[in-house]
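Be aware that the sequence shown starts at 1, since it is given in the UniProt record's numbering, and climbs by one per residue.
Simulated from the structure, these hints should not be mistaken for laboratory data. Ideal placement from N, C-alpha and C gives every residue a C-beta, glycine not left out. Hints are supplied without guarantee of correctness; some may be wrong.
What the hints assert, rightly or not - Label pairs and their computed distance ranges (CB to CB): (1) P16 <-> R342: 38 to 48 Å; (2) G213 <-> T136: 16 to 26 Å; (3) S197 <-> T136: 17 to 27 Å; (4) K102 <-> T252: 15 to 25 Å; (5) W31 <-> P153: 40 to 50 Å; (6) R287 <-> E130: 34 to 44 Å.
What the hints assert, rightly or not - Each computed DSS-like pair below joins lysine-lysine, with the alpha-carbon atoms no more than 30 Å apart: (7) K261 <-> K133; (8) K30 <-> K189; (9) K150 <-> K133; (10) K138 <-> K58; (11) K133 <-> K95; (12) K189 <-> K261; (13) K58 <-> K30; (14) K102 <-> K138; (15) K95 <-> K150; (16) K102 <-> K189; (17) K150 <-> K58; (18) K189 <-> K138; (19) K261 <-> K138; (20) K189 <-> K133; (21) K150 <-> K261.
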Amino acid sequence: MYGLTRALLFSLAPEPAHRLGMTGLAALGKWNARCRAMREHTLRRAPMDLSVELAGLKFAHPVALAAGLDKDAEAVDGLFACGFSAVEIGTVTPKPQPGNPKPRLFRLPEHRAVINRMGFNNHGAATAAERLKGRTWKPGPLGVNIGKNKDTPLERAVDDYVACVDALAPLGDYVVVNASSPNTPGLRKLQEPEQLSALLLAVRERMEAVAPGTPLFLKIAPDLTPEAVDEVVDVAMERGLSGLIATNTTLTRPFEHEHAKEAGGLSGAPVRELANAVIRRAYQRSRGALPLIGVGGVFTAQDVYEKLRAGATVVQVYTGFIYEGPGMVDRILPELGALLTRDGFASVRDVIGVDAHTGTPAVPA
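All chains, full assembly: derive it from the sequences and hints.
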């Protein structure tokens, strides 16, 4: 069925296709009984207990939806109906902004990839907050991914993140600081240790005031050097973060394509190994003490399995969902169970970080 829908969507330009897909998912979300039935069907497909716990949050299984698809919290229930254990909205900024000029989204089907330079296009924190307040069905963790407005000077970035915390942190089950998008000028400078430490301190202090106990994560880039990953891990642990999300999109172009010279972040299959390397490094640096959410190039159960083995507890999907469609989780869960059984693991929790233990772990200073 999705083959026909995908053919229709892929016959459209990428951004109108995305808009049409989101409209359909939002409409599905209004049909509560259908959403519940779809979700229950998918969860029953798991051949064993695939549940995991991360930062005190319970996930029915490791496969979650990354930020970027539902920027404005308009289709949360429809996405939960697709079987995701968690859904992350955003990136949300304090004020509405249109994002970068179009065209700004490009498909690369032969590489199972997407390039985007959307630029945090969203309707602002107040709109997202109103939609989240109206939700009554809460089958899994809801994450809120926050960023700064493009016209906010970098030296005032903290103000934007704190404003988003005020509006949205009480409405989410966890909050994500996005300091790694390549599409907001200068944003990745916030990953530098001194600026990152100040930002995380301010956000954490405000969260303790308005949403005490809510987990706080940081989303990082796949283009960090191993040494830079170490620095980020050290700062995250020093500031008491609940974990990292690894990784965002990459600026690298490991292939030739007519769209390869387009500015923006590359996501999809080409990011898989970059993300896995960052996950392994972060897991080693923290000796498994800093929980990780893995994302980048996830299309199959094998892709999920590799990220779990690298050190992720939860694995998010973005580009894979665009290519694989609403039945993606339904296909992955039984196949993931088969991989665990094949390799002698009784639980998904037993596989987390097994590949990161090979070699000599990096030791925090």
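Here is what the structure says about each hint:
| no. | hint | in the structure |
| --- | --- | --- |
| 1 | P16 <-> R342: 38 to 48 Å | holds (42 Å) |
| 2 | G213 <-> T136: 16 to 26 Å | holds (22 Å) |
| 3 | S197 <-> T136: 17 to 27 Å | violated (39 Å) |
| 4 | K102 <-> T252: 15 to 25 Å | holds (24 Å) |
| 5 | W31 <-> P153: 40 to 50 Å | holds (44 Å) |
| 6 | R287 <-> E130: 34 to 44 Å | holds (42 Å) |
| 7 | K261 <-> K133 | violated (41 Å) |
| 8 | K30 <-> K189 | violated (40 Å) |
| 9 | K150 <-> K133 | holds (26 Å) |
| 10 | K138 <-> K58 | holds (12 Å) |
| 11 | K133 <-> K95 | holds (18 Å) |
| 12 | K189 <-> K261 | holds (23 Å) |
| 13 | K58 <-> K30 | holds (25 Å) |
| 14 | K102 <-> K138 | violated (35 Å) |
| 15 | K95 <-> K150 | holds (10 Å) |
| 16 | K102 <-> K189 | holds (25 Å) |
| 17 | K150 <-> K58 | violated (34 Å) |
| 18 | K189 <-> K138 | violated (35 Å) |
| 19 | K261 <-> K138 | violated (41 Å) |
| 20 | K189 <-> K133 | violated (33 Å) |
| 21 | K150 <-> K261 | holds (23 Å) |
The structure is inconsistent with the numbered hints 3, 7, 8, 14, 17, 18, 19 and 20, although it conforms to all the rest.
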